[in-house]
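A.B. asks: Letter by letter, the chains look like this.
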Amino acid sequence: MSMQRRDFLKASAAGLAISGLPLRAYGNAAKAKVVIVGAGFGGATAAKYIRKWDPSIDVTLIDREGKFVSCPLSNLVLAGLKTLDNITRTYDGLKSHGVNVVVDDVTAIDTDKRVVTTAKGSFPYDRLILSPGIDFRFDQIEGYDAKAQETILHAWKAGPQTLKLRQQMESMPDGGLIVVGMPLAPYRCPPGPYERVCLMANYLKRAKPKSKIIMLDANPDVASKKPLFMKAWDTLYKDWVEYRPNSKVLKVSADNMTVSTEFEDLKASVINVIPPQRAGHVAELAGVRTDSNGVWCPASFVTYESKSKPNVHVIGDSLLSNFPKSGHMANNMGKVCANALVEMLNGREPNPIPIVANTCYSAVSEDKAIHVATVFRYDPVKDQMTAQPGGGISADLSEVESVYAEAWAEGIWGDVYS
Amino acid sequence: MHRVSALLAALMLAIPAISSDSTAAEPPVGKLIYLPAQPANIPANMVAVPVAIWSNGQIFMQWMFVPAQAIASMPALAGSAPAILSPVTSAVSVPATAATTAASAATAMPAAAASIPAAAVSAPSVATAAAINVAGKFTGSTVTHARSMAATCYSCHGTDGKSHSAIPPLAGMDKSYFIEQMKDFKSGKREATVMHQHAKGYTDEEFQQMAEIFAAVKP
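Here the protein sequences line up with chains A and B, keeping their order.
If you're matching positions, the first sequence starts at 1113 in my numbering and goes up one per residue.
If you're matching positions, the second sequence starts at 94 in my numbering and goes up one per residue.
Rather than coming from a laboratory, the hints here were simulated on the basis of the structure.
Do not take every clue at face value.
[Said to hold, decoys possible] Using 20 angstroms as the maximum straight-line C-alpha spacing, the simulated SDA-like pairs for lysine to any residue come out as follows: (1) B:K311 with A:W1165; (2) A:K1164 with B:A309; (3) B:K293 with A:D1491; (4) A:K1164 with B:K311.
[What the hints assert, rightly or not] Okay, the calculated beta carbon distance ranges per label pair: (5) A:T1498 with B:K268: 26 to 32 angstroms; (6) A:V1215 with B:K282: 48 to 54 angstroms; (7) A:S1208 with B:P261: 39 to 45 angstroms; (8) B:E273 with A:S1208: 32 to 38 angstroms; (9) B:K282 with A:T1498: 22 to 28 angstroms.
Idealized CB from N, CA, C, for every residue including glycine.
Using the sequences plus the hints, can you model the full thing?
C.D. replies: In structure tokens:
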């Protein structure tokens, strides 16, 4: 990369360059290189849209998994209503957009030299996008060590754990107890744990009607779509679901199959504990997991550039924000970030007032679903994303939304991976 | 007005592509909601010029680089150029809630005042300096705001609105039909499961911009 281009990128990052102005004289330098780590909803979207909006930019997308398994709809796999295949997509579509896909583990990130190192290679970048998702903080729960993790599953990343939890439910006796533990917000997928309880209950109702679920919620109340989930539990699963707020899981024992809160110890046939979370470890490698607790990554809402490391952008669940940590949000952030980088790498100002939207559908049974939808708009004075008035939840549980929920999944998987 | 047109002439030197009909600038009216600090590092031989773009009663300020030469060669402007360049004082900072009119924004920002209308080229519908209307075509952030905004819909309606699911496609949709549907979702006239909530997050002007985008896609 020529010196000129470097200076120019710096100027652009500082918010100096303006479209169409003489700065363009700097523009004809070598092809810009963007490296993206994490091929989930955020990273894969950013990769596709950078190529869509400027095919001259070189894009490398790195992920340790060879294909994508969707967290959205994975609770339907638990309930036996979908297969893992139904919710799996390949990276072939991304390749057809000219994205260089690398399946490998990232081992180091040098943000001074601007190089990402993996087990098998190294990748220099002008701009780096991190979309590493979440890591689990097992150390926050006593006894949730590597050995206990073999029996007590989180199943909060779709894949082998989803199938294993399904098998645990299948092999438990009718009359058994399932305990689901969930952490304080913020965590990945705000309505997800409640959806899971609905769909596990849906399975029990059909296959093991004498069994029951106790949900231990660390939060003081149902943290998402409350009236709708309450209605589902009251009307569809009254005999199968018991909900306990303010019940943080403090301790688990796989040997005794017990789970403990401040108030009680429960013995169960199946224990499913979703631990507290933080930004994926790749964010730590880059030194961008820098909020006050070292848990999430502060970044600009205009460019998603990290507040601690220049030229490193963070999107998706890892971001410190008021956003719900959803695939839909990650997909929208991927587009805003792609849009900003395409402009900046061409010496133009990024769009100063980006908009992102969220929608989370939740299935509550085999044929009913609900949603929450919000549009966020950047407020440059407050430097925050403001939820626009008018967003909200479904009027009721409905069959038509069950159809739309599935259409949403097809739509967004296609938008990201086709 | 003299200074105004002089500065515009200077800008036209800097951006030959600006069409002459963009001289029809009226003073911005509304609330000043975006005023970034003056850039600290101005490239050699450039000057930073404040520009305003406004829309829906909101004024956005940006700094734009213009070759010093271009400004110096304008006699009417030469004297004021240093003033334009003088750093904006802290007095300029606008409280989040202050409904500052263009006039008071101008007094708050004396150095920049004269140049505001000059660079503020006629009403691009998205408010940013990069949205200057070049020869009648949107450029810079107007395009990028619109494409980024339309992309929020692609999550459900498919990339470029080419849906392959139960959610209806938007690709190739007639503009006036599109705008009417969006307004009807927003007002509640058309019933919806989810679109009423999304439509309320966008302005009518943005419906228009998205209508252009979807109409232009071959279904």
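A.B. asks: All hints, please: hold or fail.
C.D. replies: Hints, verified against the model:
About 17 angstroms separates the Cα atoms of K311 of chain B and W1165 of chain A, which keeps this hinted pair within 20 angstroms; it holds. Using a Cα cut-off of 20 angstroms, the hinted pair K1164 of chain A and A309 of chain B holds, with the two alpha carbons roughly 16 angstroms apart. The straight-line distance between the Cα atoms of K293 of chain B and D1491 of chain A is roughly 17 angstroms, inside the 20 angstroms bound, and the hint therefore holds. The straight-line distance between the Cα atoms of K1164 of chain A and K311 of chain B is roughly 16 angstroms, inside the 20 angstroms bound, and the hint therefore holds.
Between T1498 of chain A and K268 of chain B the Cβ separation comes to about 29 angstroms, which falls inside the hinted range of 26 to 32 angstroms. Between V1215 of chain A and K282 of chain B the Cβ separation comes to about 50 angstroms, which falls inside the hinted range of 48 to 54 angstroms. A hinted range of 39 to 45 angstroms is violated for the C-beta pair S1208 of chain A and P261 of chain B, which are about 26 angstroms apart. Range check, E273 of chain B to S1208 of chain A: about 36 angstroms between beta-carbon atoms, so the 32 to 38 angstroms window is met.
Roughly 26 angstroms separates the CB atoms of K282 of chain B and T1498 of chain A, a value that falls within the hinted 22 to 28 angstroms.
Checked against the numbered hints listed earlier, the structure breaks hint 7 alone; every other hint is satisfied.
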